[in-house]
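**Q** Make a model of the complete structure from these sequences and hints.
For the sequence shown, the residue numbers in the working numbering are 1 to 371.
Calculated pairs, BS3-like style, for lysine-lysine (alpha carbon to alpha carbon, straight line, at most 30 Å):
| id | residue 1 | residue 2 |
| --- | --- | --- |
| 1 | K247 | K340 |
| 2 | K295 | K212 |
| 3 | K339 | K234 |
| 4 | K339 | K270 |
| 5 | K295 | K335 |
| 6 | K340 | K321 |
| 7 | K247 | K270 |
| 8 | K126 | K321 |
| 9 | K58 | K212 |
| 10 | K35 | K126 |
| 11 | K212 | K247 |
| 12 | K234 | K295 |
Label pairs and their calculated CB-CB ranges:
| id | residue 1 | residue 2 | range |
| --- | --- | --- | --- |
| 13 | E55 | E290 | 26 to 36 Å |
| 14 | K299 | E87 | 53 to 63 Å |
| 15 | G37 | G231 | 45 to 55 Å |
| 16 | D336 | G259 | 33 to 43 Å |
| 17 | R13 | L284 | 37 to 47 Å |
| 18 | E130 | D320 | 27 to 37 Å |
Calculated directly from the structure, the hints in this document are not laboratory data.
Virtual Cβ for every residue (Gly too), placed ideally from N, Cα, C.
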Amino acid sequence: MITEKETTKEMVRTYLVTGGAGFIGSNYIHYMFRKYGDQIRIINVDALTYAGNPENLKEVEERENYTFIKADICDKDAIRAIFQQNEIDRVVHFAAESHVDRSIRNPEVFVQTNVYGTAVMLNCAKEAWEQPDGSFAEGKKFLHVSTDEVYGSLEEDGGYFYETTPYAPHSPYSASKASSDFLVKSYIDTYHFPANITNCSNNYGPYQFPEKLIPLMINNALQGKSLPVYGDGKNVRDWLYVDDHAKAIDLVQEKGRLGETYNIGGHNEKQNIEIIHTIIETLLEMLPKEDERRKLVSKDLITYVEDRKGHDRRYAIAPDKIRAEIGWEPETMFKDGIKKTIAWYFAHEQWMENVTSGDYQKYYEEMYKGN
Numbered sequence: 001m002i003t004e005k006e007t008t009k010e011m012v013r014t015y016l017v018t019g020g021a022g023f024i025g026s027n028y029i030h031y032m033f034r035k036y037g038d039q040i041r042i043i044n045v046d047a048l049t050y051a052g053n054p055e056n057l058k059e060v061e062e063r064e065n066y067t068f069i070k071a072d073i074c075d076k077d078a079i080r081a082i083f084q085q086n087e088i089d090r091v092v093h094f095a096a097e098s099h100v101d102r103s104i105r106n107p108e109v110f111v112q113t114n115v116y117g118t119a120v121m122l123n124c125a126k127e128a129w130e131q132p133d134g135s136f137a138e139g140k141k142f143l144h145v146s147t148d149e150v151y152g153s154l155e156e157d158g159g160y161f162y163e164t165t166p167y168a169p170h171s172p173y174s175a176s177k178a179s180s181d182f183l184v185k186s187y188i189d190t191y192h193f194p195a196n197i198t199n200c201s202n203n204y205g206p207y208q209f210p211e212k213l214i215p216l217m218i219n220n221a222l223q224g225k226s227l228p229v230y231g232d233g234k235n236v237r238d239w240l241y242v243d244d245h246a247k248a249i250d251l252v253q254e255k256g257r258l259g260e261t262y263n264i265g266g267h268n269e270k271q272n273i274e275i276i277h278t279i280i281e282t283l284l285e286m287l288p289k290e291d292e293r294r295k296l297v298s299k300d301l302i303t304y305v306e307d308r309k310g311h312d313r314r315y316a317i318a319p320d321k322i323r324a325e326i327g328w329e330p331e332t333m334f335k336d337g338i339k340k341t342i343a344w345y346f347a348h349e350q351w352m353e354n355v356t357s358g359d360y361q362k363y364y365e366e367m368y369k370g371n
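**A** If you want it as structure tokens, here you go:
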């Protein structure tokens, strides 16, 4: 006899999240547990490379409905076993090498993880979900999380990326993500595989690894270190607070039309130099008067360094489709998001200290040549 408790347990939806120990993945997991509590189960698969940090999920690691599995998405046997041993309802595929500078130095790793790893995820999901007649089990969905960088670069004086914008990647990173997008599209077209793709603008917020612009500038400014700015600092990015992205991903999973791509943008276009000035101003506004670090934070720390190879000038996403079809739009204004982000870093200084030691320090010194 099946008890009421067992029936309820069977109804819990299981999410397989890849790269869930990274920046966006861990924020997504926190968001989902805040929203759904015990109504979902999350299996987090992460290889724990340099940007994957188990500390990002300390608050949820004791939950009965959370499981962490250390595995590489390129390991077909490991991924297949996860599907065989669990009734996976949803896949949210974050796992990727994601830093442009690293892709310029070591492109092969990006091809391996971002292209081959995505192929492994698609094949294992297809194998688990496909029925004898070639259709797929009801309720199964695969969401591939991608980037606006696949679209290339925009002119400074206008225009936006739409879902119909032709792909024109310029870096090994964006080329590898474009390739993975096309793989997902091919499975949708060939097999009618139940998938969606999201292309998102630059994220910021808690748990972001400090090789990325905003946490790098916060960390360096608080230590009185130089604030390295590529080229003239006028490259424009569209910034989105990470919780708004997590909400968008959940809504696409719930309401998105299968096979569709949705662009997720923040309506927060800023030049890199403008971001740095805002961070300095906000730090001085938020630091207590007695805090000695106030003496270190200064615009004099800004140092211009040689521009990145193939540096795209401007990205800007038009999230018209996701707003019209799903009802999502960004909720966090940039100034508010920066304050939340800085407050989080103030409250988690040990986290920052831990992730910026060892290998990260060597990488930083190589990248910015001691500037």
